[in-house]
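Trainee: Sequence:
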Amino acid sequence: MDRLLSRVLFVDLSRHRSWIEERPDLFRDRLGGTGAAIEILWERCPAGRDPLAPESPIVLAVGPLSSPYPLASKTVALFKSPHTGNLGESHCGGRTALALRLAGCGALVIEGKSDVPVYLAVHGGKVHFRDARTLGGMSSSATVGRILREVEPGSGCRMILRIGRAGENLVTYAAVIAETYRHFGRLGLGAVFGSKGLKAVVVSGQGAVPVAHMRRYHALYRSLHKRAMRSDLMRKYHDLGTAQNVAPLSEMAALPVRNLLQTRYPEEPPFSGEKLAEGYLGRRLACSACPVACIHLAVLREPHPVEPYFYKTTFVSYDHEPLYALGGMLGMEDIPGVLKLIDAVGHVGLDAMSTGVVFGWATEAFEREIISEKETAGLRPRWGAVPAYLEMIRRIADQRTEFYRVLGEGVRAAAERYGGEVFALHFGGNEMPGYHTGPGALLTYLSGARHSHLDSAGYALDQECLREGRRLPPEEMAGKLFAEEARRQVLSEVAPVSWTG
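For the sequence shown, the working numbering gives the first residue as 5, with consecutive numbering after it.
These are computed hints drawn from the structure, not numbers from a lab. Keep in mind that the hints are not guaranteed to be accurate.
[Claimed, not checked] Label-pair distances were calculated between CB atoms; the ranges are: (1) Arg372 / Ser235: 32 to 38 Å; (2) Pro443 / Arg153: 28 to 34 Å; (3) Ile151 / Ser227: 38 to 44 Å; (4) Gln266 / Lys130: 50 to 56 Å; (5) Glu282 / His229: 25 to 31 Å; (6) Arg492 / Leu470: 20 to 26 Å; (7) Arg372 / Ala257: 19 to 25 Å; (8) Gly423 / Thr317: 40 to 46 Å; (9) Leu237 / Gly160: 25 to 31 Å; (10) Pro478 / Pro309: 22 to 28 Å; (11) Ala482 / Asp54: 29 to 35 Å; (12) Arg150 / Glu468: 46 to 52 Å; (13) Trp23 / Gln266: 32 to 38 Å; (14) Asp119 / Ala257: 51 to 57 Å.
Beta carbons are placed, not taken as given, at the ideal position from N, Cα and C, and that holds for glycine.
Generate the whole structure from the sequences, applying the supplied hints.
Mentor: Printed below as a string of C-alpha coordinates:
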(Lines of atoms letter the chains of each structure in order from A and count residues from 1; the text may use other names and numbers.)
(Lines give C-alpha, C1' and ligand atoms only; values in the text may rest on other atoms or scores of the structure.)
Protein backbone atom coordinates (compact mmCIF):
# COMPACT_ATOMS: atom_id res chain seq x y z
CA MET A 1 0.00 0.00 0.00
CA ASP A 2 1.26 3.47 -0.97
CA ARG A 3 1.90 5.16 2.39
CA LEU A 4 1.16 8.65 1.06
CA LEU A 5 -2.17 7.52 -0.39
CA SER A 6 -3.34 6.40 3.06
CA ARG A 7 -2.89 9.90 4.49
CA VAL A 8 -6.14 11.84 4.98
CA LEU A 9 -5.82 15.60 5.43
CA PHE A 10 -8.54 17.08 7.67
CA VAL A 11 -9.33 20.80 7.70
CA ASP A 12 -11.53 22.49 10.32
CA LEU A 13 -12.67 25.87 8.99
CA SER A 14 -14.28 26.87 12.30
CA ARG A 15 -11.01 26.68 14.24
CA HIS A 16 -8.67 27.30 11.31
CA ARG A 17 -6.71 24.16 12.04
CA SER A 18 -5.67 21.05 10.13
CA TRP A 19 -4.26 17.60 10.86
CA ILE A 20 -3.37 14.35 9.10
CA GLU A 21 -4.66 10.89 9.96
CA GLU A 22 -3.14 7.67 8.67
CA ARG A 23 -5.96 5.49 7.26
CA PRO A 24 -4.49 2.56 5.30
CA ASP A 25 -7.76 0.67 5.81
CA LEU A 26 -9.64 3.07 3.54
CA PHE A 27 -7.70 2.18 0.42
CA ARG A 28 -6.94 -1.41 1.38
CA ASP A 29 -10.51 -2.47 2.15
CA ARG A 30 -12.52 -0.15 -0.12
CA LEU A 31 -12.87 0.12 -3.89
CA GLY A 32 -10.80 3.06 -5.16
CA GLY A 33 -11.20 6.69 -4.22
CA THR A 34 -14.99 6.49 -4.26
CA GLY A 35 -14.96 3.62 -1.77
CA ALA A 36 -12.61 5.51 0.54
CA ALA A 37 -14.61 8.73 0.29
CA ILE A 38 -17.97 7.06 0.94
CA GLU A 39 -16.54 5.44 4.08
CA ILE A 40 -15.35 8.82 5.37
CA LEU A 41 -18.73 10.39 4.60
CA TRP A 42 -20.48 7.51 6.39
CA GLU A 43 -18.31 8.03 9.47
CA ARG A 44 -18.63 11.81 9.67
CA CYS A 45 -22.11 12.63 8.33
CA PRO A 46 -24.84 10.85 10.34
CA ALA A 47 -28.37 10.47 9.01
CA GLY A 48 -30.57 13.52 9.42
CA ARG A 49 -27.81 16.11 9.29
CA ASP A 50 -28.53 19.31 7.36
CA PRO A 51 -26.40 19.29 4.17
CA LEU A 52 -25.48 22.93 4.81
CA ALA A 53 -24.67 22.51 8.51
CA PRO A 54 -21.08 23.44 9.43
CA GLU A 55 -20.42 19.85 10.53
CA SER A 56 -21.38 18.36 7.14
CA PRO A 57 -18.13 17.29 5.46
CA ILE A 58 -16.77 17.71 1.97
CA VAL A 59 -14.62 14.72 0.99
CA LEU A 60 -12.26 14.86 -1.99
CA ALA A 61 -10.43 11.61 -2.77
CA VAL A 62 -8.30 9.89 -5.38
CA GLY A 63 -7.59 6.22 -5.99
CA PRO A 64 -4.47 4.01 -6.09
CA LEU A 65 -4.09 4.37 -9.87
CA SER A 66 -4.66 8.13 -10.04
CA SER A 67 -1.93 10.00 -11.93
CA PRO A 68 0.61 7.17 -12.50
CA TYR A 69 -1.50 5.60 -15.26
CA PRO A 70 -3.07 6.95 -18.47
CA LEU A 71 -6.79 7.85 -18.28
CA ALA A 72 -6.64 7.90 -14.45
CA SER A 73 -7.10 11.62 -13.92
CA LYS A 74 -10.24 12.14 -11.84
CA THR A 75 -11.03 13.13 -8.28
CA VAL A 76 -14.30 12.24 -6.59
CA ALA A 77 -16.23 14.60 -4.31
CA LEU A 78 -18.60 13.06 -1.76
CA PHE A 79 -20.99 15.18 0.31
CA LYS A 80 -24.62 15.33 1.38
CA SER A 81 -26.52 17.08 -1.39
CA PRO A 82 -28.43 20.27 -0.52
CA HIS A 83 -30.32 19.78 -3.78
CA THR A 84 -31.86 16.38 -3.04
CA GLY A 85 -31.08 15.82 0.65
CA ASN A 86 -29.48 12.56 -0.43
CA LEU A 87 -26.06 11.37 -1.56
CA GLY A 88 -23.96 13.95 -3.36
CA GLU A 89 -21.30 12.49 -5.63
CA SER A 90 -19.45 14.30 -8.39
CA HIS A 91 -16.30 13.59 -10.40
CA CYS A 92 -13.83 16.01 -11.94
CA GLY A 93 -10.64 15.76 -13.97
CA GLY A 94 -8.19 18.48 -14.91
CA ARG A 95 -5.22 18.56 -12.55
CA THR A 96 -7.24 17.65 -9.45
CA ALA A 97 -5.93 14.11 -8.92
CA LEU A 98 -2.35 15.04 -9.80
CA ALA A 99 -2.35 17.90 -7.28
CA LEU A 100 -3.66 15.77 -4.41
CA ARG A 101 -1.11 13.03 -5.09
CA LEU A 102 1.80 15.51 -5.28
CA ALA A 103 0.56 17.13 -2.05
CA GLY A 104 1.02 13.75 -0.38
CA CYS A 105 -2.51 12.69 0.52
CA GLY A 106 -5.21 10.37 -0.75
CA ALA A 107 -8.14 12.37 0.60
CA LEU A 108 -8.96 15.89 1.76
CA VAL A 109 -11.82 16.36 4.25
CA ILE A 110 -13.20 19.86 4.89
CA GLU A 111 -15.54 20.57 7.82
CA GLY A 112 -16.73 23.53 9.86
CA LYS A 113 -17.59 27.09 8.88
CA SER A 114 -15.29 30.09 8.77
CA ASP A 115 -16.47 33.30 10.42
CA VAL A 116 -15.08 35.28 7.45
CA PRO A 117 -14.84 34.15 3.80
CA VAL A 118 -11.62 32.22 3.20
CA TYR A 119 -9.88 30.12 0.63
CA LEU A 120 -7.65 27.19 1.45
CA ALA A 121 -4.13 26.99 0.08
CA VAL A 122 -2.64 23.53 0.61
CA HIS A 123 1.00 23.37 -0.43
CA GLY A 124 2.63 20.06 0.39
CA GLY A 125 1.83 19.31 4.00
CA LYS A 126 1.03 22.91 4.96
CA VAL A 127 -2.47 24.38 5.04
CA HIS A 128 -2.97 28.14 4.82
CA PHE A 129 -6.24 29.93 5.53
CA ARG A 130 -6.32 33.00 3.26
CA ASP A 131 -8.74 35.90 3.58
CA ALA A 132 -11.18 35.75 0.63
CA ARG A 133 -13.36 38.76 1.36
CA THR A 134 -12.05 40.61 -1.69
CA LEU A 135 -12.92 37.64 -3.93
CA GLY A 136 -16.61 37.49 -2.99
CA GLY A 137 -19.33 38.73 -5.32
CA MET A 138 -17.13 38.97 -8.40
CA SER A 139 -19.03 38.93 -11.67
CA SER A 140 -17.12 35.91 -12.98
CA SER A 141 -15.61 32.83 -11.39
CA ALA A 142 -12.97 33.03 -14.14
CA THR A 143 -11.69 36.28 -12.61
CA VAL A 144 -11.24 34.53 -9.27
CA GLY A 145 -9.27 31.79 -11.00
CA ARG A 146 -6.97 34.32 -12.68
CA ILE A 147 -6.26 36.05 -9.37
CA LEU A 148 -5.43 32.79 -7.60
CA ARG A 149 -3.12 31.74 -10.43
CA GLU A 150 -1.17 34.96 -9.89
CA VAL A 151 -0.77 34.73 -6.11
CA GLU A 152 -0.40 30.99 -5.41
CA PRO A 153 2.56 28.74 -6.38
CA GLY A 154 2.50 25.41 -8.19
CA SER A 155 1.85 26.44 -11.78
CA GLY A 156 1.33 23.46 -14.06
CA CYS A 157 0.53 20.90 -11.38
CA ARG A 158 -1.88 22.60 -8.97
CA MET A 159 -5.61 22.30 -8.47
CA ILE A 160 -7.71 25.47 -8.25
CA LEU A 161 -11.33 24.92 -7.20
CA ARG A 162 -13.64 27.89 -6.73
CA ILE A 163 -17.29 28.84 -6.61
CA GLY A 164 -19.20 31.70 -8.23
CA ARG A 165 -22.01 33.89 -6.98
CA ALA A 166 -24.46 30.98 -7.16
CA GLY A 167 -22.46 29.05 -4.58
CA GLU A 168 -22.01 32.10 -2.37
CA ASN A 169 -25.80 32.59 -2.39
CA LEU A 170 -26.50 28.88 -1.71
CA VAL A 171 -28.27 27.96 -4.93
CA THR A 172 -28.82 24.25 -4.31
CA TYR A 173 -27.40 23.19 -7.69
CA ALA A 174 -24.37 25.48 -7.62
CA ALA A 175 -21.24 23.93 -9.11
CA VAL A 176 -17.54 24.06 -8.26
CA ILE A 177 -15.26 25.08 -11.12
CA ALA A 178 -11.90 23.32 -11.43
CA GLU A 179 -9.10 25.08 -13.29
CA THR A 180 -11.06 26.67 -16.16
CA TYR A 181 -13.00 24.06 -18.10
CA ARG A 182 -13.79 21.23 -15.65
CA HIS A 183 -16.45 21.10 -12.93
CA PHE A 184 -17.83 19.27 -9.95
CA GLY A 185 -21.20 19.99 -11.49
CA ARG A 186 -24.17 18.08 -10.15
CA LEU A 187 -25.99 18.09 -6.81
CA GLY A 188 -24.79 21.34 -5.27
CA LEU A 189 -21.22 21.05 -4.02
CA GLY A 190 -20.89 24.79 -4.71
CA ALA A 191 -23.62 25.53 -2.17
CA VAL A 192 -21.81 23.40 0.43
CA PHE A 193 -18.66 25.45 -0.21
CA GLY A 194 -20.69 28.65 0.18
CA SER A 195 -22.33 27.51 3.41
CA LYS A 196 -18.87 27.07 4.93
CA GLY A 197 -17.61 30.49 3.87
CA LEU A 198 -15.21 28.67 1.55
CA LYS A 199 -14.56 30.53 -1.70
CA ALA A 200 -11.82 28.35 -3.17
CA VAL A 201 -9.34 25.53 -2.60
CA VAL A 202 -5.83 25.55 -4.07
CA VAL A 203 -3.72 22.39 -3.77
CA SER A 204 -0.16 21.83 -4.95
CA GLY A 205 2.91 19.87 -3.94
CA GLN A 206 6.34 18.75 -4.98
CA GLY A 207 6.07 15.13 -3.92
CA ALA A 208 6.23 12.02 -6.07
CA VAL A 209 4.10 8.92 -6.46
CA PRO A 210 6.25 5.94 -5.41
CA VAL A 211 6.70 3.11 -7.91
CA ALA A 212 8.06 -0.21 -6.65
CA HIS A 213 9.24 -1.70 -9.97
CA MET A 214 10.06 1.07 -12.43
CA ARG A 215 10.87 -1.13 -15.43
CA ARG A 216 7.65 -3.11 -15.15
CA TYR A 217 5.72 0.10 -14.55
CA HIS A 218 7.05 1.67 -17.76
CA ALA A 219 6.17 -1.43 -19.76
CA LEU A 220 2.62 -1.49 -18.37
CA TYR A 221 2.21 2.25 -18.90
CA ARG A 222 3.26 2.01 -22.55
CA SER A 223 0.90 -0.91 -23.11
CA LEU A 224 -2.09 0.91 -21.59
CA HIS A 225 -1.25 4.11 -23.44
CA LYS A 226 -1.04 2.31 -26.79
CA ARG A 227 -4.32 0.46 -26.25
CA ALA A 228 -6.09 3.67 -25.23
CA MET A 229 -4.88 5.55 -28.28
CA ARG A 230 -5.95 2.75 -30.64
CA SER A 231 -9.38 2.32 -29.06
CA ASP A 232 -12.39 3.31 -31.18
CA LEU A 233 -14.14 4.52 -28.04
CA MET A 234 -11.26 6.82 -27.09
CA ARG A 235 -11.09 8.07 -30.68
CA LYS A 236 -14.74 9.08 -30.39
CA TYR A 237 -14.02 11.08 -27.25
CA HIS A 238 -11.06 12.79 -28.93
CA ASP A 239 -12.63 13.56 -32.31
CA LEU A 240 -16.13 14.84 -31.55
CA GLY A 241 -16.45 14.08 -27.85
CA THR A 242 -19.77 13.25 -26.25
CA ALA A 243 -21.31 15.92 -28.51
CA GLN A 244 -21.27 13.10 -31.06
CA ASN A 245 -24.36 11.75 -29.25
CA VAL A 246 -26.59 14.72 -30.09
CA ALA A 247 -27.47 13.86 -33.70
CA PRO A 248 -28.05 10.09 -33.23
CA LEU A 249 -30.27 10.70 -30.20
CA SER A 250 -32.34 13.18 -32.19
CA GLU A 251 -32.59 10.73 -35.09
CA MET A 252 -33.96 8.01 -32.80
CA ALA A 253 -36.36 10.46 -31.09
CA ALA A 254 -34.49 10.27 -27.78
CA LEU A 255 -33.16 13.84 -27.42
CA PRO A 256 -35.18 15.97 -24.95
CA VAL A 257 -36.33 19.07 -26.86
CA ARG A 258 -38.47 21.92 -25.49
CA ASN A 259 -38.90 20.35 -22.06
CA LEU A 260 -39.78 17.00 -23.68
CA LEU A 261 -42.64 18.43 -25.70
CA GLN A 262 -40.51 17.02 -28.52
CA THR A 263 -37.81 14.36 -28.67
CA ARG A 264 -36.11 15.28 -31.94
CA TYR A 265 -35.31 18.05 -34.38
CA PRO A 266 -36.83 17.70 -37.87
CA GLU A 267 -33.35 18.03 -39.38
CA GLU A 268 -29.90 17.55 -37.85
CA PRO A 269 -29.81 19.45 -34.52
CA PRO A 270 -28.25 22.89 -35.06
CA PHE A 271 -25.73 22.26 -32.25
CA SER A 272 -24.67 18.71 -33.17
CA GLY A 273 -21.11 17.59 -32.56
CA GLU A 274 -20.48 17.52 -36.30
CA LYS A 275 -21.62 21.13 -36.80
CA LEU A 276 -19.61 22.33 -33.81
CA ALA A 277 -16.48 20.61 -35.14
CA GLU A 278 -16.98 22.03 -38.63
CA GLY A 279 -17.53 25.65 -37.68
CA TYR A 280 -16.60 26.33 -34.06
CA LEU A 281 -14.05 23.88 -32.63
CA GLY A 282 -10.95 25.88 -31.75
CA ARG A 283 -8.93 23.62 -29.50
CA ARG A 284 -8.77 20.36 -27.59
CA LEU A 285 -7.30 19.97 -24.11
CA ALA A 286 -6.38 16.95 -21.99
CA CYS A 287 -6.52 16.32 -18.27
CA SER A 288 -3.30 15.39 -16.50
CA ALA A 289 -2.20 11.80 -17.18
CA CYS A 290 -4.74 11.38 -19.98
CA PRO A 291 -3.75 11.04 -23.65
CA VAL A 292 -7.28 11.34 -25.04
CA ALA A 293 -7.79 15.13 -24.99
CA CYS A 294 -11.59 15.00 -24.82
CA ILE A 295 -12.06 18.61 -23.65
CA HIS A 296 -13.48 20.43 -26.68
CA LEU A 297 -13.36 24.22 -26.76
CA ALA A 298 -15.56 26.16 -29.15
CA VAL A 299 -14.68 29.67 -30.27
CA LEU A 300 -17.43 32.17 -29.50
CA ARG A 301 -16.84 35.45 -31.37
CA GLU A 302 -18.99 38.45 -30.42
CA PRO A 303 -18.88 42.20 -31.07
CA HIS A 304 -16.86 43.94 -28.37
CA PRO A 305 -19.19 45.58 -25.82
CA VAL A 306 -17.16 48.83 -25.74
CA GLU A 307 -15.06 49.05 -28.92
CA PRO A 308 -17.34 48.72 -31.99
CA TYR A 309 -14.48 47.85 -34.36
CA PHE A 310 -13.23 44.94 -32.27
CA TYR A 311 -14.50 41.48 -31.40
CA LYS A 312 -14.41 39.55 -28.15
CA THR A 313 -13.30 35.93 -28.50
CA THR A 314 -14.17 33.38 -25.80
CA PHE A 315 -13.31 29.69 -25.55
CA VAL A 316 -16.32 27.70 -24.31
CA SER A 317 -16.07 24.05 -23.25
CA TYR A 318 -18.92 21.87 -24.48
CA ASP A 319 -20.13 18.28 -23.98
CA HIS A 320 -23.36 16.44 -24.70
CA GLU A 321 -25.09 17.26 -21.41
CA PRO A 322 -24.70 21.08 -21.53
CA LEU A 323 -25.69 21.00 -25.21
CA TYR A 324 -28.81 19.01 -24.40
CA ALA A 325 -29.79 21.08 -21.36
CA LEU A 326 -29.05 24.57 -22.69
CA GLY A 327 -29.70 23.67 -26.32
CA GLY A 328 -32.35 21.06 -27.01
CA MET A 329 -34.26 21.48 -23.76
CA LEU A 330 -34.71 25.19 -24.57
CA GLY A 331 -35.50 24.75 -28.26
CA MET A 332 -32.34 26.53 -29.37
CA GLU A 333 -31.77 26.95 -33.11
CA ASP A 334 -28.22 28.33 -33.28
CA ILE A 335 -24.80 27.45 -31.89
CA PRO A 336 -23.73 30.93 -30.67
CA GLY A 337 -26.82 31.17 -28.46
CA VAL A 338 -26.11 27.79 -26.85
CA LEU A 339 -22.45 28.72 -26.28
CA LYS A 340 -23.46 32.01 -24.63
CA LEU A 341 -25.65 30.14 -22.16
CA ILE A 342 -22.96 27.54 -21.38
CA ASP A 343 -20.45 30.33 -20.82
CA ALA A 344 -22.85 32.27 -18.59
CA VAL A 345 -23.60 29.38 -16.22
CA GLY A 346 -19.85 28.86 -15.84
CA HIS A 347 -19.28 32.47 -14.89
CA VAL A 348 -21.81 32.41 -12.04
CA GLY A 349 -21.11 28.78 -11.08
CA LEU A 350 -24.34 26.92 -11.86
CA ASP A 351 -24.80 23.31 -12.95
CA ALA A 352 -25.66 23.48 -16.65
CA MET A 353 -27.98 20.45 -16.59
CA SER A 354 -30.15 21.58 -13.70
CA THR A 355 -30.25 25.14 -15.06
CA GLY A 356 -31.48 23.97 -18.45
CA VAL A 357 -34.22 21.77 -17.01
CA VAL A 358 -35.35 24.56 -14.66
CA PHE A 359 -35.55 26.92 -17.65
CA GLY A 360 -37.45 24.31 -19.65
CA TRP A 361 -40.07 24.11 -16.90
CA ALA A 362 -40.23 27.93 -16.59
CA THR A 363 -40.69 28.37 -20.34
CA GLU A 364 -43.49 25.83 -20.56
CA ALA A 365 -45.10 27.24 -17.40
CA PHE A 366 -44.99 30.72 -18.98
CA GLU A 367 -46.56 29.37 -22.18
CA ARG A 368 -49.33 27.70 -20.17
CA GLU A 369 -49.83 30.93 -18.14
CA ILE A 370 -49.05 29.15 -14.88
CA ILE A 371 -46.52 31.92 -14.25
CA SER A 372 -46.50 35.42 -15.69
CA GLU A 373 -44.28 38.49 -15.96
CA LYS A 374 -45.26 39.24 -12.37
CA GLU A 375 -43.24 36.24 -11.17
CA THR A 376 -40.44 36.63 -13.72
CA ALA A 377 -40.06 40.36 -12.95
CA GLY A 378 -40.69 41.43 -16.52
CA LEU A 379 -38.89 38.66 -18.39
CA ARG A 380 -40.62 36.62 -21.08
CA PRO A 381 -39.04 33.16 -21.28
CA ARG A 382 -39.77 31.79 -24.75
CA TRP A 383 -38.17 28.88 -26.56
CA GLY A 384 -34.79 30.00 -27.85
CA ALA A 385 -34.97 33.40 -26.11
CA VAL A 386 -31.27 33.81 -25.29
CA PRO A 387 -31.43 37.34 -23.76
CA ALA A 388 -34.17 36.29 -21.33
CA TYR A 389 -32.31 33.12 -20.34
CA LEU A 390 -29.06 35.05 -19.80
CA GLU A 391 -30.83 37.44 -17.45
CA MET A 392 -32.50 34.54 -15.63
CA ILE A 393 -29.06 32.99 -15.04
CA ARG A 394 -27.90 36.21 -13.38
CA ARG A 395 -31.06 36.50 -11.29
CA ILE A 396 -30.90 32.92 -10.04
CA ALA A 397 -27.27 33.43 -9.04
CA ASP A 398 -28.04 36.68 -7.21
CA GLN A 399 -31.23 35.35 -5.48
CA ARG A 400 -32.88 38.76 -5.09
CA THR A 401 -36.57 37.92 -5.65
CA GLU A 402 -38.78 35.14 -4.34
CA PHE A 403 -39.36 33.57 -7.76
CA TYR A 404 -35.66 33.27 -8.52
CA ARG A 405 -34.95 32.04 -5.00
CA VAL A 406 -37.40 29.20 -5.65
CA LEU A 407 -35.86 28.49 -9.06
CA GLY A 408 -32.55 28.31 -7.21
CA GLU A 409 -33.88 25.26 -5.34
CA GLY A 410 -34.53 23.31 -8.54
CA VAL A 411 -37.42 22.25 -10.73
CA ARG A 412 -39.13 20.13 -8.05
CA ALA A 413 -39.34 23.09 -5.66
CA ALA A 414 -40.54 25.39 -8.45
CA ALA A 415 -43.34 23.04 -9.50
CA GLU A 416 -44.43 22.43 -5.91
CA ARG A 417 -44.65 26.20 -5.36
CA TYR A 418 -46.20 27.38 -8.64
CA GLY A 419 -47.70 24.26 -10.27
CA GLY A 420 -46.83 22.34 -13.40
CA GLU A 421 -45.56 19.25 -11.59
CA VAL A 422 -46.57 17.04 -14.52
CA PHE A 423 -43.87 18.65 -16.70
CA ALA A 424 -41.22 19.17 -14.01
CA LEU A 425 -38.56 16.76 -15.26
CA HIS A 426 -36.72 15.40 -12.25
CA PHE A 427 -35.91 12.09 -10.57
CA GLY A 428 -35.76 12.24 -6.79
CA GLY A 429 -35.33 16.01 -7.03
CA ASN A 430 -32.42 15.83 -9.47
CA GLU A 431 -33.04 17.22 -12.95
CA MET A 432 -33.02 14.63 -15.74
CA PRO A 433 -29.96 13.82 -17.88
CA GLY A 434 -29.90 14.13 -21.66
CA TYR A 435 -30.98 10.62 -22.71
CA HIS A 436 -34.69 9.86 -23.19
CA THR A 437 -34.20 6.49 -24.83
CA GLY A 438 -36.96 4.58 -23.05
CA PRO A 439 -37.91 2.69 -19.88
CA GLY A 440 -34.41 1.35 -19.23
CA ALA A 441 -32.94 4.83 -18.95
CA LEU A 442 -35.83 6.09 -16.83
CA LEU A 443 -35.55 3.13 -14.45
CA THR A 444 -31.82 3.83 -14.16
CA TYR A 445 -32.46 7.43 -13.15
CA LEU A 446 -35.13 6.44 -10.64
CA SER A 447 -33.13 3.71 -8.94
CA GLY A 448 -29.68 5.31 -8.91
CA ALA A 449 -28.45 6.69 -5.61
CA ARG A 450 -27.81 10.10 -7.20
CA HIS A 451 -30.73 9.81 -9.66
CA SER A 452 -28.42 10.82 -12.47
CA HIS A 453 -25.71 8.24 -13.07
CA LEU A 454 -25.64 5.87 -16.04
CA ASP A 455 -23.77 2.91 -14.53
CA SER A 456 -26.48 0.39 -15.33
CA ALA A 457 -26.49 1.52 -19.01
CA GLY A 458 -30.27 1.69 -19.32
CA TYR A 459 -29.89 3.84 -22.44
CA ALA A 460 -27.88 1.05 -24.12
CA LEU A 461 -30.49 -1.57 -23.22
CA ASP A 462 -33.21 0.69 -24.68
CA GLN A 463 -31.28 1.04 -27.93
CA GLU A 464 -30.76 -2.72 -28.13
CA CYS A 465 -34.50 -3.29 -27.73
CA LEU A 466 -35.26 -0.68 -30.39
CA ARG A 467 -32.89 -2.31 -32.86
CA GLU A 468 -34.41 -5.73 -32.24
CA GLY A 469 -37.99 -4.44 -32.18
CA ARG A 470 -38.91 -5.98 -28.83
CA ARG A 471 -40.12 -4.98 -25.39
CA LEU A 472 -38.76 -6.54 -22.23
CA PRO A 473 -41.03 -7.51 -19.32
CA PRO A 474 -40.36 -5.21 -16.33
CA GLU A 475 -38.80 -8.00 -14.24
CA GLU A 476 -36.40 -8.97 -17.02
CA MET A 477 -35.40 -5.36 -17.63
CA ALA A 478 -34.73 -4.76 -13.93
CA GLY A 479 -32.64 -7.92 -13.78
CA LYS A 480 -30.54 -6.90 -16.79
CA LEU A 481 -29.95 -3.43 -15.38
CA PHE A 482 -28.92 -4.84 -12.01
CA ALA A 483 -26.57 -7.34 -13.63
CA GLU A 484 -24.96 -4.67 -15.81
CA GLU A 485 -24.36 -2.34 -12.89
CA ALA A 486 -22.90 -5.21 -10.84
CA ARG A 487 -20.63 -6.14 -13.76
CA ARG A 488 -19.36 -2.58 -14.06
CA GLN A 489 -18.66 -2.39 -10.35
CA VAL A 490 -16.58 -5.58 -10.55
CA LEU A 491 -14.71 -4.15 -13.55
CA SER A 492 -13.90 -1.14 -11.41
CA GLU A 493 -11.52 -3.35 -9.46
CA VAL A 494 -9.24 -3.76 -12.47
CA ALA A 495 -9.98 -0.79 -14.74
CA PRO A 496 -7.66 2.20 -14.15
CA VAL A 497 -10.21 4.74 -15.31
CA SER A 498 -12.71 3.53 -12.70
CA TRP A 499 -10.18 3.46 -9.89
CA THR A 500 -9.36 7.14 -10.05
CA GLY A 501 -12.20 8.45 -7.96
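Trainee: Are any of the numbered hints broken by this structure? If so, which, sorted upward?
Mentor: Violated: hints 1, 2, 10, 13.
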